[in-house]
Amino acid sequence: MHSLLIVFGITGFWLFSPEALVLIGKGSGVGAGAAIAVLLIFSIVIFLGTSCLEDDHGLPGPGATGGLQKKLDFKDLLGAAGMISTTIFASTGMMVTAGFTFNEVFYHRFPNFAFAYLLLATVLALQFMPRRLRNTVLAAAVICSLSGLVALIVYGVVSGAPVRLQFAHETTSIQGLLPLLLVFAGIDRARLFLLEEPKRFRIAFLFSVILLAGWMATSAGFVDSKRLIFSTIPYMTTAAKIAGDAGRLAMGLVIISGSFWAVHGLLNIGGFTIIRVSKYRHGGHVHQVMIILLAAAVGMMMAAGVAGSNRLELYIRSSLLLWLVHTALSVLSGALGARLDKPFQAGFGLVAGIIILGCSLSLFVIQEDVLTAALFVVFMIAVTALLVIVPNFIGSYHGSDSTTQSKVTEEQK
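Each step along the sequence shown adds one to the number in the numbering used here, with nothing skipped, and position 299 is 299.
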């Protein structure tokens, strides 16, 4: 059994990432009341949908048995491409965000990229430490993120500042609120990992959603809507409005610990995903090697200046949408499989899967550069397919070799 803090660490690794907090901030600018309503609706949809997921042994959780259980189909290929690309590109963006945050908030003389590499190295080193130490560090990151946000929300409430919370503005639109679905990417992996701990998962998920809704309301109460929409760091703008320099320090801690927490989760998911699609066994050493390779890819992306590219956000969003499409298809598959044994749950799952799929495809189509996004998705699917084809080809070659050798040995006998 995992402690409640570790369950929070597994459940909320993406919910409290800098990328998710940007979406929350911009959503509150679009229309706080409407955004909170949409956030809650999406949370219900995701919760009901993921309750229909079947354990695909994609993570080494309580239900996993240690190896690939079935042949990888196109749905799984989409999911693997989304998870691997999210791990690489989102981790790149968050490491650099953490570096700039440390430089601007805590110590101006420390190079931002040096801190980003140092934080990435710390996440990587954590994989080789004893499990108890890993869990302790992860719990500390969770406490820093959650307590920082709670402190800012509570201070904002008790400070007596006027709250300008409106349900919607003239510019409020569904198109502006749909990106809130991206906040819930990764909940499918958390749900599968915590299959044997449903109660703690529910507690962690419910508290996380309430906390994010509270931050959304606080942001709208302290910052003008247009400023939130056009800010690249709306969380820092809100924190500074709430408590000045103390607020910036608190949010700086939230962003750095949240980046650490999120990249830790993504590297683990990415590592196991590569193991799964390439049909390696779930061995600890192999998993560590995969994490090293992914961390090296993130480091190369930072060195190549990808974090400063205008297309990084497009890559991250496209990766998340690919992941969510896989989530939707997995929900639909699980719901169809449960329609005889659990008809009511299956019905909710079908509705949830259709909503997730429809919203994900809509978000993909309305992107500014949909052609580049489509080419990126095709490229990532092709790369992921190579991870399936090459090991299978090598395995079949050696397999036929061993078969021939055994036949020769039998004839000689």
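Worth flagging that the hints you see were computed from the coordinates, not collected in a lab. Hints are not guaranteed to be accurate.
Calculated pairs, SDA-like style, for lysine to any residue (alpha carbon to alpha carbon, straight line, at most 20 Å) [to be verified]: (1) 75 x 381; (2) 226 x 210; (3) 226 x 176; (4) 342 x 53; (5) 75 x 357; (6) 199 x 345; (7) 241 x 53; (8) 75 x 303; (9) 75 x 355; (10) 342 x 4; (11) 241 x 383; (12) 342 x 75; (13) 241 x 214; (14) 75 x 383; (15) 75 x 354; (16) 226 x 4; (17) 342 x 48; (18) 226 x 175; (19) 75 x 54; (20) 342 x 153; (21) 199 x 357; (22) 199 x 34; (23) 75 x 329; (24) 226 x 34; (25) 199 x 381; (26) 241 x 37; (27) 199 x 48; (28) 199 x 5; (29) 199 x 178; (30) 241 x 153.
None of these values were measured; they are calculated from a predicted model.
Is residue 75 within 20 Å of residue 303, Cα to Cα? 33 Å, violated
Is residue 199 within 20 Å of residue 178, Cα to Cα? Cα-Cα ~29 Å, so violated.
Pair hint residue 199 and residue 357, alpha-carbon separation not exceeding 20 Å: Violated, because 27 Å separates the two Cα atoms, which is more than 20 Å.
Distance restraint between residue 342 and residue 48, which requires alpha-carbon spacing of 20 Å or less: 13 Å, holds
Below or equal to 20 Å on CA atoms is what counts here, so check residue 75 against residue 54. OK: residue 75 and residue 54 at ~14 Å, within 20 Å.
Given hint residue 37 paired with residue 241 - CA-CA distance at most 20 Å: Roughly 24 Å separates the two Cα atoms, so the pair is violated.
CA of residue 241 to CA of residue 383, is that 20 Å or under? 45 Å, violated
Quickly compare the C-alpha distance for residue 199 and residue 381 to 20 Å and report which way the hint goes. Given that 20 Å is the threshold and the Cα spacing comes to 35 Å, the pair is violated.
Could you grab the alpha-carbon distance between residue 342 and residue 153 and see if it respects the 20 Å cut-off? It is violated: about 40 Å lies between the C-alpha atoms, which goes past 20 Å.
Verify the proposed pairing of residue 199 with residue 5, using a straight-line Cα cut of 20 Å. 13 Å, holds
Given the hint that residue 226 pairs with residue 210, does the C-alpha gap stay at or below 20 Å? 24 Å, violated
Does residue 381 lie within 20 Å of residue 75 when you go C-alpha to C-alpha? Holds, at roughly 11 Å.
In summary, the structure is inconsistent with hints 2, 7, 8, 10, 11, 12, 16, 20, 21, 22, 25, 26, 29 from the numbered list given earlier, while agreeing with the others.
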